[in-house]
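Working from the sequences, and respecting the hints, build out all of it.
First residue of the first sequence: 73, per my numbering; consecutive thereafter.
Hints should not be assumed to be uniformly reliable.
No more than 30 Å apart at the CA atoms, straight line, and that leaves these computed lysine-lysine pairs for DSS-like [claimed, not checked]:
(1) LYS659 with LYS175
(2) LYS585 with LYS491
(3) LYS616 with LYS170
(4) LYS129 with LYS646
(5) LYS552 with LYS491
(6) LYS610 with LYS552
(7) LYS552 with LYS585
(8) LYS170 with LYS144
Label pairs and their in silico Cβ distance ranges [said to hold, decoys possible]:
(9) SER282 with GLN435: 18 to 28 Å
(10) TYR440 with ILE591: 45 to 55 Å
(11) GLY400 with GLU505: 45 to 55 Å
(12) GLU588 with LEU110: 51 to 61 Å
(13) ASP502 with ASN565: 16 to 26 Å
(14) ASP654 with ASP502: 38 to 48 Å
(15) ASN565 with ASP405: 50 to 60 Å
(16) GLU527 with HIS310: 37 to 47 Å
(17) GLU588 with VAL117: 28 to 38 Å
These are calculated hints, taken from the structure and not from any lab test. Note that the coordinates shown come from a computational prediction; the quantities given were computed from them, not determined experimentally. The C-beta atom is built at its ideal place from N, Cα and C for all residues, glycine as well.
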Amino acid sequence: MLISANTYTFAGSTGISRMAQITSIESLVLKSVQEIVLKLYQTQVEETALQIQETRKEFEGDLTVVVFPLLKYSRKTAEATATDLGNALLSSCPIVEKFNVIKGFLNLVIGREFWAGFLQESAFDGTFGTTGISETSPTVMIEYSSPNTNKPLHLGHIRNNLLGYSLSQILSANGNRVIKVNLVNDRGIHICKSMLAWKLFGNGETPASSGKKGDHLVGDYYVRFDQEYKKEMETLSHQGMSAEDAARKAPLMLQAQEMLRLWEARDPEVLQLWTTMNGWVYQGFETTYRELGVSFDHIYYESQTYLSGKQIVAEGLEKGIFEKRPDGSVWCDLTGDGLDEKLLLRSDGTSVYMTQDIGTACQRFAQYPIDRHIYVVGNEQNYHFQVLTLILGKLGYAWARNIQHMSYGMVELPSGKMKSREGTVVDADDLIEEMVQTARDMAQELGKLDGYTPEQARRIYDIIGKGALKYFILKVDPRKNMMFDPRESIDFNGNTGPFVQYSYARIRSVLRKSAEAGISAETGNQVPGDTARLLNDKELSLTKMLYRYPRVVREAGNTLSPALLANYVYELAKEYNQFYHDFPILKEADQDIRALRLALSEYTASVIESAMSLMGIEVPERM
RNA sequence: GGUCCCGUAGCUCAGUUGGAUAGAGCAACAGCCUUCUAAGCUGUGGGUCGUGGGUUCGAUUCCCGCCGGGAUCACCA
73 MLISANTYTF AGSTGISRMA QITSIESLVL KSVQEIVLKL YQTQVEETAL QIQETRKEFE
133 GDLTVVVFPL LKYSRKTAEA TATDLGNALL SSCPIVEKFN VIKGFLNLVI GREFWAGFLQ
193 ESAFDGTFGT TGISETSPTV MIEYSSPNTN KPLHLGHIRN NLLGYSLSQI LSANGNRVIK
253 VNLVNDRGIH ICKSMLAWKL FGNGETPASS GKKGDHLVGD YYVRFDQEYK KEMETLSHQG
313 MSAEDAARKA PLMLQAQEML RLWEARDPEV LQLWTTMNGW VYQGFETTYR ELGVSFDHIY
373 YESQTYLSGK QIVAEGLEKG IFEKRPDGSV WCDLTGDGLD EKLLLRSDGT SVYMTQDIGT
433 ACQRFAQYPI DRHIYVVGNE QNYHFQVLTL ILGKLGYAWA RNIQHMSYGM VELPSGKMKS
493 REGTVVDADD LIEEMVQTAR DMAQELGKLD GYTPEQARRI YDIIGKGALK YFILKVDPRK
553 NMMFDPRESI DFNGNTGPFV QYSYARIRSV LRKSAEAGIS AETGNQVPGD TARLLNDKEL
613 SLTKMLYRYP RVVREAGNTL SPALLANYVY ELAKEYNQFY HDFPILKEAD QDIRALRLAL
673 SEYTASVIES AMSLMGIEVP ERM
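Right, dumping it as structure tokens:
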């Protein structure tokens, strides 16, 4: 459809050349093998039946053809088959320089000319590895963040936001038109709880009067409600009431429910309070979003969309897709799909979470030409999204199949699970500040930024602290639960964001010095004509790693996994650091070799910057 | 109880559509700064891939059972 699986553009938008549009070496070899098998064994094999993979490090070669599946056609031993194939490839496939056979594995060495050509023809300018938008680019809506307005954001939200933003970047880089949306849950009983507590115990406190960040202030009253509510329940049970009754009949709970009724009846006083307190929260959220570097193209509020699902449910009821019970509640029977029955409207006619999501989905697909809709929501809601798509399908919406739940795992702490009410959450703002603080302490201890103005230094602490946090979270496979150990997250060595950033900063330093010395323009580094001859082993393996980048970007898009980029960029930085350690760059006497190393350095920096930006991580010029 | 997810080094994690002797980081120990940033580089030790079967040329990967952990099945969102 959009891009064929095996091709991509070497050069950016400009450099059209003989190699500008080339097929990857894998598909090239694949085709050759197909032809050879047809010729030698008179058999037409499917591409999927052929196995070509990257050669493992401990063997010589770049690509490996696994010949076991071909033995039934060749009717020879694995070694003989592999050797036949190898010889045939040598003559038919010019990029194959030599081969070796170990057991049933045919290891192919790709010639140096190919790698040199790759370096010469590619535009390492930030577009490398990415696919631009075209006429036929699909539109992808991606919902993430989706906070409640009764408490500040915590570590769990951070994972959601970082994933959501990174996925938008990755999908954009894969030639999609991405629309980032946020659905703010700004109404409901939990919102009323903090409103009520503020009204009863707040004494008119405002963010301005107390100096508190708005979302934190409101969150404090949410906690306060819970404390006071518990006290009431205790009193009631001392008076002989059952725990269940106490929970239901505590005055605070009744008052909160009354407040929700008034809100739905658009009581002016309640609406006023609601508008004011939500306003505080939004200001707080805005700050946190800005600090995290995430953004949205459109923000939906549940207060504006929660009614829209009711109409659709009513229509479904008429068509007999749903059923009404004697008490007036409306249900969807999913027992035929192996699930339970699902409530869609309460007996009092009010809507539930599912009703709202049905409504917003319909609204969005009507409003935008969406080809695909991704919800970045925790795996605790797997059931919800399974039901949502099923119901939309039953309602006859063909686009229901274009809905995808990007289900990510929970963040756990060494102390166990995070629970808002028990105060065991890691607050988002606190965490960000701590990481930036740590970056500062460490930089000062190492004397890294001597000579920088305080503003410049602060900017860099910011980049490093946030880089550490983002990388720590994004490097884990999003589908899996992850452990967040604060002590470990603050480590800036090894497989961490700062390690990658440091590698970048060091390259930039070399490039600055080379520009100062007039050796080359900072962006004008080009590999020399006889690169194929000059490349040493380390430079060659660095080149091969750069070559892999476009594939990694695609794979990250296909699997919706920023972790692939993190793993890749870490490997790349490690590879470069070894090269940097082992070979002089500016001090290299041979001008051609020096030019080659400068170019490789610049290309590496460019790919690091690109990969990191797809994760929403900035890189510093110095650190 | 039904459905679903997870189990890889002491800890945190990688491990491509099934492929060769299962890899990193942290932690521990030992080296490398008169040379482009040592937030770096190099080396050592560390594993019955939870467990028992099955599928096949080959299983950490696919299927089944069991053990252990988690999520969910609300007139909460």
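Results for each hint:
Pair hint LYS659 plus LYS175 does not hold up; C-alpha atoms about 45 Å apart against a cutoff of 30 Å. Restraint check for LYS585 and LYS491: the C-alpha separation of about 51 Å exceeds 30 Å, so the hint is violated. Between LYS616 and LYS170 the alpha-carbon distance is near 17 Å, which keeps this suggested pair within the 30 Å criterion. Between the alpha carbons of LYS129 and LYS646 the distance comes to roughly 15 Å, so the proposed pair stays at or under 30 Å and holds.
Between LYS552 and LYS491 the CA atoms are separated by roughly 19 Å; this keeps the pair inside 30 Å, and the hint holds. At roughly 35 Å between alpha-carbon atoms, LYS610 and LYS552 are farther apart than 30 Å, so this suggested pair is violated. This hinted pair does not check out: LYS552 and LYS585 have alpha carbons roughly 44 Å apart, beyond 30 Å. Using a Cα cut-off of 30 Å, the hinted pair LYS170 and LYS144 holds, with the two alpha carbons roughly 25 Å apart.
In this structure the supplied range 18 to 28 Å is violated for SER282 paired with GLN435, their Cβ-Cβ distance being about 38 Å. About 51 Å separates the C-beta atoms of TYR440 and ILE591, a value consistent with the hinted range of 45 to 55 Å. Distance hint check: the CB atoms of GLY400 and GLU505 are about 50 Å apart, consistent with the given range 45 to 55 Å. Look at GLU588 against LEU110: about 58 Å separates their beta carbons, and that is inside 51 to 61 Å.
A C-beta distance of roughly 23 Å is found between ASP502 and ASN565, which places it inside the suggested range of 16 to 26 Å. Evaluation of the 38 to 48 Å hint for ASP654 and ASP502 yields a pass: the beta carbon distance comes to about 42 Å. The beta-carbon spacing between ASN565 and ASP405, approximately 56 Å, falls within the hinted interval of 50 to 60 Å. Distance hint check: the CB atoms of GLU527 and HIS310 are about 59 Å apart, inconsistent with the given range 37 to 47 Å.
For GLU588 paired with VAL117, a C-beta distance near 57 Å fails the hint of 28 to 38 Å.
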